[in-house]
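Trainee: Here is how the chains run, residue by residue.
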Amino acid sequence: MQRTLGTCYYPEHWPEDIWQQDAARMVAAGLTWVRIGEFSWSRIEPTPGDLQWDWLDRAIDTLVSAGLKVVLGTPTATPPRWMVDRHPDMFALDQDGKPRGFGSRRHYCFSHQGYRKEARRIVTLMAERYGPGDRIAAWQTDNEYGCHDTTVSYSDAARAAFVRWLETRYGGDMGALNAAWGNVFWSMDYNRFEQIGLPNLTVTEPNPAHVQAFRRFSSDQVVSFNRDQVEILRAHSDAPIAHNYMGRVTDFDHYKVGEDLEIASWDSYPLGFLEDRVGASPEKQRRYARQGDPDFQAFHHDLYRAVGRGRWWVMEQQPGPVNWAPYNPAPLPGMVRFWTWEAFAHGAEAVCYFRWRQAPFAQEQLHAGILRPDSAEAPAIVEARQVAEELANAGDVTPSQAPVALIFDYDAEWAWQVQPHGHGLTYFDLVLEHYRALRRAGLSVDIVAPTQSDFSGYALILAPGLMHLTDNLRQALAKAEGQVLYGPRTGARDADFKIPTSPLPPALDGLEVVVAAVESIRPDMPLPLANADGAVTGYLETVETAADVLVETAAGQPVAVAAANQVYCAGWLDGDGLDHLVATLCARAGLGICKMPEGVRRRQTATEEFWFNHLAEPVDTEVGTLPPAGVFRRLRKN
Amino acid sequence: MQRTLGTCYYPEHWPEDIWQQDAARMVAAGLTWVRIGEFSWSRIEPTPGDLQWDWLDRAIDTLVSAGLKVVLGTPTATPPRWMVDRHPDMFALDQDGKPRGFGSRRHYCFSHQGYRKEARRIVTLMAERYGPGDRIAAWQTDNEYGCHDTTVSYSDAARAAFVRWLETRYGGDMGALNAAWGNVFWSMDYNRFEQIGLPNLTVTEPNPAHVQAFRRFSSDQVVSFNRDQVEILRAHSDAPIAHNYMGRVTDFDHYKVGEDLEIASWDSYPLGFLEDRVGASPEKQRRYARQGDPDFQAFHHDLYRAVGRGRWWVMEQQPGPVNWAPYNPAPLPGMVRFWTWEAFAHGAEAVCYFRWRQAPFAQEQLHAGILRPDSAEAPAIVEARQVAEELANAGDVTPSQAPVALIFDYDAEWAWQVQPHGHGLTYFDLVLEHYRALRRAGLSVDIVAPTQSDFSGYALILAPGLMHLTDNLRQALAKAEGQVLYGPRTGARDADFKIPTSPLPPALDGLEVVVAAVESIRPDMPLPLANADGAVTGYLETVETAADVLVETAAGQPVAVAAANQVYCAGWLDGDGLDHLVATLCARAGLGICKMPEGVRRRQTATEEFWFNHLAEPVDTEVGTLPPAGVFRRLRKN
Amino acid sequence: MQRTLGTCYYPEHWPEDIWQQDAARMVAAGLTWVRIGEFSWSRIEPTPGDLQWDWLDRAIDTLVSAGLKVVLGTPTATPPRWMVDRHPDMFALDQDGKPRGFGSRRHYCFSHQGYRKEARRIVTLMAERYGPGDRIAAWQTDNEYGCHDTTVSYSDAARAAFVRWLETRYGGDMGALNAAWGNVFWSMDYNRFEQIGLPNLTVTEPNPAHVQAFRRFSSDQVVSFNRDQVEILRAHSDAPIAHNYMGRVTDFDHYKVGEDLEIASWDSYPLGFLEDRVGASPEKQRRYARQGDPDFQAFHHDLYRAVGRGRWWVMEQQPGPVNWAPYNPAPLPGMVRFWTWEAFAHGAEAVCYFRWRQAPFAQEQLHAGILRPDSAEAPAIVEARQVAEELANAGDVTPSQAPVALIFDYDAEWAWQVQPHGHGLTYFDLVLEHYRALRRAGLSVDIVAPTQSDFSGYALILAPGLMHLTDNLRQALAKAEGQVLYGPRTGARDADFKIPTSPLPPALDGLEVVVAAVESIRPDMPLPLANADGAVTGYLETVETAADVLVETAAGQPVAVAAANQVYCAGWLDGDGLDHLVATLCARAGLGICKMPEGVRRRQTATEEFWFNHLAEPVDTEVGTLPPAGVFRRLRKN
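Residue numbers (full-length UniProt numbering), protein chains in the order written: chain A, 1 to 638; chain B, 1 to 638; chain C, 1 to 638.
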């Protein structure tokens with residue numbers, strides 16, 4: 001596989017007379033890809049039915065003629081203003097019932113059938129025009145599904161669709177739903193499916209079974225919205241289809257959307273994420289302010305490698321300060337190159353910089369490009385050029401499996417959100433903390449979907465926090481030969497969010513663990529471990545088991561217990577505790593670890609090894625002193 | 001009086017074939033009472049008019065046959081889904097005007113006449129069926145009035161009822177209301193009562209007289225809703241009637257509701273309260289995380305002894321982790337017994353554990369029971385059994401009066417909420433802080449209603465913060481022979497929330513104090529006292545008086561002044577300041593104090609003395625070393 | 001010019017039989033002015049069309065007869081309840097679309113044509129009755145425009161007016177607006193002006209060009225509302241017209257309103273402001289809790305001197321604790337006198353105390369007056385009397401120009417609010433920080449409008465943060481002979497909120513600076529300066545320039561650069577950094593500085609010099625030891 005670069009371009013934003021020069025400069029900078037079109041509906045169809053393809057034809061021709069490969073986006077994330085006159089109720093409603101109206105983007109409800117039809121119409125027109133032939137090298141559907149919390153909608157359209165979805169799920173059996181949800185609890189029984197509302201605007205918390213069902217439904221609506229487009233594009237084009245997911249957007253199941261696509265891609269804004277959604281301490285935010293979190297991007301790289309079943313891109317790469325975080329600093333010199341190589345180290349096919357030239361207008365006018373608004377070079381283009389030159393000497397690469405698998409399950413993410421038990425406990429953080437510990441041990445990781453049925457080749461498989469464990473996954477894990485880590489909360493809920501009537505969790509294969517009680521604990525009351533650094537924080541189960549105790553609290557309460565290769569962890573461990581647990585598991589698995597200095601991370605594939613220094617100071621490592629923003633790469637001896 | 005135990009049970013949640021076994025296990029555990037039915041409307045009347053009493057008949061029979069006494073709850077806190085089709089506007093509206101809809105509980109507006117009629121209908125049916133005979137040993141009306149902030153509703157129904165309430169209060173005289181409220185202030189005069197709206201959605205704060213009237217009205221609606229049920233039950237049954245109030249729910253006047261009932265009861269969740277509503281510092285939250293606040297429960301015990309005019313229960317006692325606080329730790333071993341004995345020390349007739357078996361479904365699936373979801377014993381049942389055994393040897397008790405009276409007035413609570421003057425100042429906290437100081441001095445306390453007319457036998461009477469002082473109470477306090485503590489803010493408002501035209505407060509009997517000015521102060525700017533530990537924090541009045549100065553600030557400003565047995569405190573004292581004031585008052589009253597070690601509390605009745613150690617460590621006391629969760633009890637020499 | 005005192009009086013709040021005594025006490029206290037009437041509509045017109053002027057006639061006669069000068073307010077800030085029946089949609093809507101209804105004050109939308117007509121009607125009636133003759137010495141329009149966030153309304157009326165405003169601004173050319181706003185960005189193009197909505201309830205942030213236009217429109221609505229009244233009053237009266245602006249209310253352009261008036265006035269509540277809107281640290285809030293911020297009032301004094309083109313008053317002066325801040329302490333003894341003299345030092349014609357007697361009812365019942373509710377003297381009247389005596393000996397004063405001009409531009413305030421880039425960065429704070437630094441250097445300052453065309457006589461002109469620099473101002477500054485300080489963000493946006501296509505900022509006259517990049521920085525990551533105390537915090541531009549570097553970071557990045565008398569500052573400097581910059585500029589300007597001790601401030605006019613000690617302790621200065629609340633005044637040698 002070849003590794004390539006690209007950029008995101010908006011010909012409709014610029015005078016046509018500079019398109020050709022822009023294209024030539026892209027090629028000169030070593031870029032291969034140019035993504036266009038995804039916000040251009042109002043220029044393609046300025047008034048209903050008045051299709052204006054000419055400008056887009058010329059833009060594509062200009063880019064292709066210059067030697068660039070075009071990724072064409074469907075424009076459905078930004079329906080024009082006239083669409084709202086046709087479908088005044090097309091908006092999502094927020095939790096308070098307020099419409100999320102026109103004036104920015106993503107102003108549609110995934111369940112609105114009128115808009116669904118419009119979306120199919122414009123995608124069909126676009127596919128018919130650009131599908132045949134080879135002008136388009138790849139497609140992108142819509143843009144950043146779920147961004148700005150747009151997956152979940154409390155509209156009438158959503159309610160109607162939810163009722164149908166439930167009827168299907170429960171085979172039209174009202175009693176089955178009432179029983180499955182335990183609606184007897186507070187006299188919440190329904191007489192007819194049509195009575196079921198959305199789980200907002202209740203007096204106190206709604207039934208968690210109700211909420212979880214609504215979260216699953218909402219995710220399915222995204223999947224089906226995307227599938228509409230894929231089916232149309234496939235009918236007219238052989239080019240691969242991608243979607244660009246957004247970092248830490250977890251409201252829909254990316255694996256399921258990904259199953260319909262050839263390529264997964266995501267939009268990587270390390271500095272914006274650190275300020276806005278990593279959840280780091282202020283001290284850490286200061287230390288990494290110009291470099292980004294040392295694990296957050298890598299985690300997404302590994303996630304989208306799974307979502308894309310090996311084929312994945314960074315569709316948008318931060319090139320300088322962004323506009324949308326609370327604070328928007330400039331990256332440390334070298335970080336644009338660094339982030340690009342980090343993506344390649346994790347198997348990216350392509351990295352595209354967002355955006356070519358900074359827009360002088362509208363919402364993102366303070367979002368840097370790789371050119372300045374005045375067309376002068378911004379720092380990023382220099383680093384992009386450097387990567388292009390380095391890539392020319394780096395050769396092709398072959399995908400390879402990591403020694404460690406870490407399961408990430410969107411359904412579990414929703415379940416923890418619906419019922420965190422303790423304030424601030426999230427599944428995403430739990431999995432990310434495990435990922436950080438693996439990385440601090442120098443390990444390379446495959447993130448895998450909960451639908452994985454074969455864990456061959458993995459020495460270590462981590463499955464933390466799977467509140468509902470499907471039978472398929474249970475069986476697959478039972479067959480695994482590596483060390484398997486479960487818990488906390490594994491199998492704590494059945495498919496309908498009930499506690500299984502047998503003790504918790506239902507016995508795992510070969511590992512009898514009964515969760516007798518669960519408690520959440522103030523985060524400022526850590527429970528120290530015995531004979532190791534670290535502590536349980538925030539959450540702990542009382543387990544009854546005859547298995548071996550691997551980790552226990554200083555007070556003698558079992559935390560991690562094991563039988564054969566099956567390990568159950570009953571609590572939420574802090575960083576030191578997880579380092580200890582990972583070391584213990586690796587020892588059992590016969591997997592060597594390489595403790596990373598603060599800020600340094602390693603990524604190994606079958607053929608290459610990379611070291612990255614995320615600190616703003618030089619760090620000594622076993623491969624030498626890494627400068628700030630330092631990237632070290634070597635081929636691996638086979 | 002005998003002291004008994006019980007539990008809360010939901011036969012409708014469980015297969016009928018285990019009811020008998022459950023009943024037998026309850027009896028075996030030493031339980032006397034079983035409360036049922038309060039959330040079962042959708043099973044009693046699955047569709048309108050289709051009454052299904054059979055299952056409830058059988059459940060009651062099973063329980064009674066096993067030897068248990070049944071408390072039957074009216075199911076009006078959870079109207080079924082079909083009710084909403086009949087009365088689509090039955091919901092309360094929140095302050096923003098949003099309906100608080102179906103999907104959890106308490107989804108009704110106390111002023112909605114349609115729902116009021118439905119509530120009377122179902123209670124009548126229930127009373128007719130179960131009132132005659134002796135199957136039912138006690139009744140409970142509804143469940144936790146006011147929980148989830150459900151007393152105050154901004155619905156059209158509430159507005160209409162409020163207008164009528166005002167017409168009555170002001171004798172239909174529009175000018176009287178305008179004058180009483182000072183509506184001239186910002187041209188807020190009304191021409192007709194129908195113009196009066198609810199005090200929400202105003203540009204800036206509404207007239208406090210308007211808000212206070214609305215708060216009083218809202219409370220009265222709860223009283224009348226409850227009275228509807230009481231009148232029906234009384235017509236068919238001789239069993240005593242209770243309601244289960246919730247901790248720190250102060251939006252309606254519990255005394256007034258209590259006047260219509262035989263028994264007051266409350267729902268005691270010490271760990272949930274500490275995290276959620278005590279308002280403790282993080283340090284204190286850590287120290288008492290598994291034991292609960294050392295005064296909060298006792299305060300409610302003493303409050304409900306007043307509300308029940310001597311007869312009171314804990315209807316729901318926390319048995320393990322709850323599900324609803326930010327953090328939900330497990331109690332320290334021994335605390336379930338401890339809490340039970342604490343309630344008995346304060347005069348409870350019965351303590352019922354909530355709930356029998358943890359529900360595996362719906363909103364409270366993470367709320368512990370005294371059985372686990374799999375029917376195994378949870379820790380609480382073991383401690384309950386221990387209490388049952390201890391009770392068997394403890395004998396009967398007789399109620400007795402405490403040496404100290406502390407007035408708690410719901411009207412004052414609302415007044416301070418309407419006009420705290422300084423951010424965070426609440427009447428509840430003010431009274432609780434006085435209560436804490438009394439308890440730190442080892443004193444036993446009676447909380448009394450502001451309608452108390454006779455204070456005979458009290459050596460000390462504390463009446464802090466009574467913003468409106470009724471003539472009756474003023475006269476009763478003037479006649480009291482003990483030391484009487486007033487202030488701050490005593491009588492600062494007339495019955496219509498006006499400042500009396502005479503100086504503030506109107507002269508108390510024998511104690512001329514003029515409040516020349518009031519100020520609120522940043523809480524981080526304490527004003528130290530002269531010649532004592534402690535400080536004024538948050539609030540201070542400038543008083544002009546010829547009375548003796550008992551306490552003053554280091555800067556020489558009078559804080560507490562006295563003439564004869566009347567004492568006025570002009571400021572909000574911190575803990576040390578209140579300890580000093582209490583010691584001063586006790587010295588004047590000839591009342592001995594016994595300084596309690598941190599975390600230890602004492603409760604004395606005419607016949608018994610109890611010591612409780614709320615700390616997680618042993619504490620040395622004059623009655624010996626109390627272990628963690630330690631309860632010491634001895635009979636008093638007479 | 002004579003300096004006079006006054007008070008705010010509400011005859012309608014009090015029995016008529018005490019009016020005469022009140023008036024006599026006012027005169028005896030040395031007061032000249034009495035402002036009345038501004039909230040009295042419900043008593044002037046109790047029901048529609050029923051005009052009740054008699055009481056007001058008598059009140060005015062009583063006051064005038066006692067020798068007082070009457071300021072009569074139009075009552076449009078408080079339309080009576082019956083108005084709402086006539087115009088149910090007259091309310092402003094908040095950002096969530098909720099009406100801001102009846103029950104307090106300012107419950108009208110500036111764009112509602114029906115209410116606009118009613119306002120003109122009542123003002124016409126009032127002007128016809130009281131305009132002729134000399135009973136009224138001055139007028140006040142409405143009351144505190146914009147207070148309680150009432151400038152911006154999201155009502156239908158506002159939307160309709162906004163559409164018309166935009167049509168006018170863009171000459172009815174839809175394409176021009178689309179191009180100017182860059183609506184192509186996210187397919188936000190409009191087909192017709194009627195499609196344009198208000199910039200609320202969008203999915204993510206709206207187009208900043210859209211928001212800024214709406215902010216300008218909203219300001220213009222206030223200007224035209226006020227102009228309606230002025231035109232009517234002028235037609236019937238020769239008395240000067242004022243409006244009383246509120247501190248740190250910046251949602252409309254006070255200069256533009258001021259252009260239609262003879263006198264600017266503002267309402268000065270130093271302690272309320274410190275708690276509520278200065279944004280001080282807790283430490284500073286404690287230190288100045290009873291004195292107020294040492295620069296905030298002076299800043300407004302200087303601002304309103306500009307708004308009033310030399311003629312300005314304090315219409316409402318805090319006399320004791322207010323009721324509306326989070327904490328409401330009493331002023332340090334002497335502060336009422338201090339605040340009064342401070343206003344005079346900055347050129348006030350009159351200072352009026354709000355209010356005469358504390359109201360015993362309604363929203364402000366805890367707002368002190370200069371009398372207590374029981375008519376006894378509150379501390380403020382004693383200090384007012386002292387000032388009156390001091391004034392008698394102080395002689396007349398002549399306005400004079402300060403050596404330093406500081407531009408304050410409402411348009412820039414909105415622009416920064418629309419696009420702060422970094423969390424918490426506001427233009428108001430930026431200008432205030434510059435003002436503080438000037439004051440710490442002992443300098444007297446003129447605040448000037450951005451419409452200023454002549455800067456003759458200023459040794460130093462500060463123009464920080466002008467995001468849009470008009471051609472007029474650019475030219476005026478280029479002609480200035482003093483040192484001119486620009487930046488950061490000067491000229492960063494064109495008139496339509498676009499980044500100019502040339503580099504940023506467009507070259508200033510004689511100073512070539514290119515802003516290559518901008519970044520916002522966490523406030524806890526200061527960038528220290530080289531060779532000076534202080535740091536850049538929060539915001540920094542990367543500039544390319546051949547000009548001299550006056551200030552740079554320790555890392556070598558230019559911060560302030562200069563060519564001839566033009567200086568550009570590329571970052572947000574902290575206090576020490578601004579002191580350094582001001583010292584540097586003064587040295588270049590040949591302007592002497594006099595470093596003030598903490599809490600001490602100096603104000604010089606052509607004829608007088610004042611020193612003020614804002615601390616609660618005595619401070620040694622070059623004019624001697626100033627006691628707490630100390631005011632030092634001397635005549636200047638010419």
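Everything labelled a hint here was simulated from the structure, so no lab data went into it.
From a predicted model like this one, the values you see are computed outputs, not experimental measurements.
We put the beta carbon where it would ideally sit given N, CA and C, even for glycine.
You may find that some hints are simply not true.
Here are the computed distance ranges between Cβ atoms for each label pair [what the hints assert, rightly or not]:
1) B/Gly67 to A/Thr451: 41 to 47 Å
2) B/Pro597 to C/Glu617: 37 to 43 Å
3) B/His423 to C/Glu622: 38 to 44 Å
4) C/Glu617 to B/His423: 35 to 41 Å
Trainee: Hint by hint, note whether the structure agrees.
Mentor: Verification of the supplied hints:
For B/Gly67 and A/Thr451, the Cβ-Cβ distance of about 54 Å falls outside the hinted range of 41 to 47 Å, so the restraint is violated. One distance hint, 37 to 43 Å for the beta-carbon pair B/Pro597 and C/Glu617, holds here, with the actual separation near 41 Å. At about 40 Å, the beta-carbon gap between B/His423 and C/Glu622 stays in the expected band of 38 to 44 Å. Here the CB-CB span from C/Glu617 to B/His423 is close to 27 Å, at odds with the stated 35 to 41 Å.
When the structure is compared with the earlier hints, violations turn up for hints 1 and 4 and for no others.
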